[in-house]
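Quick note, the sequences are listed as chains P and W, same order.
Sequential numbering from 1 applies to the first sequence in the working numbering.
Sequential numbering from 1 applies to the second sequence in the working numbering.
Since the hints were derived computationally from the structure, they do not count as laboratory data.
All of these numbers come straight from a predicted model, not from anything done at the bench.
In this text, a Cβ means the ideal position worked out from N, Cα and C, and glycines have one as well.
Keep in mind that a hint or two might mislead.
[Said to hold, decoys possible] List of simulated lysine-lysine pairs, PhoX-like, C-alpha gap at most 20 angstroms:
#1 W:30 - P:152
#2 W:16 - P:345
#3 W:320 - W:160
#4 W:150 - P:30
#5 P:30 - W:345
#6 W:16 - P:16
[As the list claims (entries may be wrong)] Covered stretches of chain P (chain W as the covering partner; in silico rule of three or more C-beta atoms under 8 angstroms from a C-beta of chain W):
#7 31-37
#8 56-65
#9 74-86
#10 96-106
#11 110-119
#12 173-179
Protein chains: 2
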Amino acid sequence: MQRTEIATLGEFGLIKHLTDNIELKNEETKYGVGDDCAVLSYSDDKEVLVTTDLLMEGVHFDLTYITMKHLGYKSAMVNLSDIYAMGGMPKQITVSIALGKRFCIEDMEDFYEGLRLACNEHNVDIVGGDTTSSRTGLAISITAIGEVEKGKAIYRNGAKETDIICVSGDLGAAYMGFQLLEREKQVYYKQLETAKTDAERMAISQPDFSGKEYLLERQMKPEARRDIILKLRELGIRPTSMMDISDGLSSELIHICNQSNVGCRIYEERIPIDYQTAVMAEEMDMNLTTAALNGGEDYELLFTIPIADHDKIEQMEGVKEIGYITKKELGQALITRDGNEFELKAQGWNPLK
Amino acid sequence: MQRTEIATLGEFGLIKHLTDNIELKNEETKYGVGDDCAVLSYSDDKEVLVTTDLLMEGVHFDLTYITMKHLGYKSAMVNLSDIYAMGGMPKQITVSIALGKRFCIEDMEDFYEGLRLACNEHNVDIVGGDTTSSRTGLAISITAIGEVEKGKAIYRNGAKETDIICVSGDLGAAYMGFQLLEREKQVYYKQLETAKTDAERMAISQPDFSGKEYLLERQMKPEARRDIILKLRELGIRPTSMMDISDGLSSELIHICNQSNVGCRIYEERIPIDYQTAVMAEEMDMNLTTAALNGGEDYELLFTIPIADHDKIEQMEGVKEIGYITKKELGQALITRDGNEFELKAQGWNPLK
Chain P
1 MQRTEIATLG EFGLIKHLTD NIELKNEETK YGVGDDCAVL SYSDDKEVLV
51 TTDLLMEGVH FDLTYITMKH LGYKSAMVNL SDIYAMGGMP KQITVSIALG
101 KRFCIEDMED FYEGLRLACN EHNVDIVGGD TTSSRTGLAI SITAIGEVEK
151 GKAIYRNGAK ETDIICVSGD LGAAYMGFQL LEREKQVYYK QLETAKTDAE
201 RMAISQPDFS GKEYLLERQM KPEARRDIIL KLRELGIRPT SMMDISDGLS
251 SELIHICNQS NVGCRIYEER IPIDYQTAVM AEEMDMNLTT AALNGGEDYE
301 LLFTIPIADH DKIEQMEGVK EIGYITKKEL GQALITRDGN EFELKAQGWN
351 PLK
Chain W
1 MQRTEIATLG EFGLIKHLTD NIELKNEETK YGVGDDCAVL SYSDDKEVLV
51 TTDLLMEGVH FDLTYITMKH LGYKSAMVNL SDIYAMGGMP KQITVSIALG
101 KRFCIEDMED FYEGLRLACN EHNVDIVGGD TTSSRTGLAI SITAIGEVEK
151 GKAIYRNGAK ETDIICVSGD LGAAYMGFQL LEREKQVYYK QLETAKTDAE
201 RMAISQPDFS GKEYLLERQM KPEARRDIIL KLRELGIRPT SMMDISDGLS
251 SELIHICNQS NVGCRIYEER IPIDYQTAVM AEEMDMNLTT AALNGGEDYE
301 LLFTIPIADH DKIEQMEGVK EIGYITKKEL GQALITRDGN EFELKAQGWN
351 PLK
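Extracted from the complex, chain P is given alone in its bound form:
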């Protein structure tokens, strides 16, 4: 593999190299990379949505198993997901990267390839950013900008008693993918430790991921649910509240309940879980419901709809009704398969604990 040192281009050269042939796709994007700011234009009947994320090596990603291309893709996707979670459409992103000496231009090209792939799929323009150095690991900061019709943004605070709680796709797979990758990494390190010769080191077997592809895909290549937003619009369903699931269903549902000043009941048996997720949890002797409730990184949409929309939502593929909103006094609880009630707890991923 080729390795070209970043110093051969310098900061401006690198940005130019990476963003040179970027075509602007949205009429709202007046000016992209190359000046002090990007310039955007929105009409009176729209509102602008802004979201930002900071991803740190060793905390949010591990380069021993995610490629730079996947990392670029995922970094963009998790931000686009936040725009969809407001009921909006993403239009632009800015990308800042701080990188240490061990990265070369080819790494950055791979990262941008993933980034562009995600942006192309979602019709999003890359309009600016910053490329700088880091004394240590890689840091990635992405800001996504989107639009929504005036007054139509869907907040976390609009859930009402009797609303139905819905979730798109399935949960827990990204978390089990993470567990799988972590396990294989440990296996690899152990083999490396005991290998005494180069021949032995060369002979270390690659992990076999067959039958677990979905878990890896969910972990490394999450997809922001534009399709769900479009389908909801098509069916004329307007959620009363919405969030994307990044920290785990349990944690996000608590956010919605607290901000909406309501309680909830969700049914364990209705939580959507893929077959591979269940097999992997079994194999690792982990509680499946816990993984689905608290695993996080699903980037599915969690939303509430008026009970009157029940028939409409039933037509929608890939969305499951998992429970309902109650009075605040009833608290937030999970009803297990055997009919017991357990209080929901935000045990989702917390980088500061």
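Given chain P, work out where chain W should sit, using these hints.
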């Protein structure tokens, strides 16, 4: 000094604690911290400006001499400066921070105090962000959003032959402030090395910065030049191109010339330099013009105006005409005090070299 561990609050608790009593000041800010996105509203006759910066500990700042409060102030200011550099007014910022275990809640409070001070001075709303952990140093990512009248953004690419080149304030002071702080840090470390007892360590003298206050202020507390933008509007002067000086006059002027496809001549004797900057350069045996041309971090505005506006700009305090725009073929040059011509080179600060 009190030290409260961040784990006592967790991520959401920390963000809530830091942003709880933030009042939104701009009517364009519909919704701030607390949802997936901030929601902004702009009218048809405005354009939205977006800029972002990623600041890494050990690369962009050194916590041995900048306080968390100053760091917050400066982090905001450098982004606001980019909005002004487009001729716009900043309205919102988002703030993401990744921090290691050595930071406590009080540190974050200080950081936000500086951030808020900068935002209050410039009437800017803090509308969102991300607080996460870092395995190593501190990383700060700020995105600023602003507005400008439709079609009135000032780009880098509009400079025309015969335009006058102007610069606000004075240059090189922030760089000399940095040199001063670096020197005193080394002195301190040497004293610490030779000190053998606690008493000796306690007796290490604090550096005496008297007569050098301006240099420290320029390094630690830069001010974005809102006043210049307002004054230019008042006088009816519309710059043909504009940038803020973060990497150094020389580097920024080359950007303007290359993007505008023109050349330039600037006069060494006309470059504005403060007395303290000159004294410090002398003391450190450094070339004063080099410091002013390449030092960077001035956050002054560099702009070009039509020659017809010469009389108007002469009335303006704190702005100096330093040269003029030429045909591209004539290149980009500095005319020294003794009348020689030297080609301008971008020797400004480059984190990737």
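Quiz prompt | Numbers of unmet hints, in rising order | solution = 5, 6, 11 and 12
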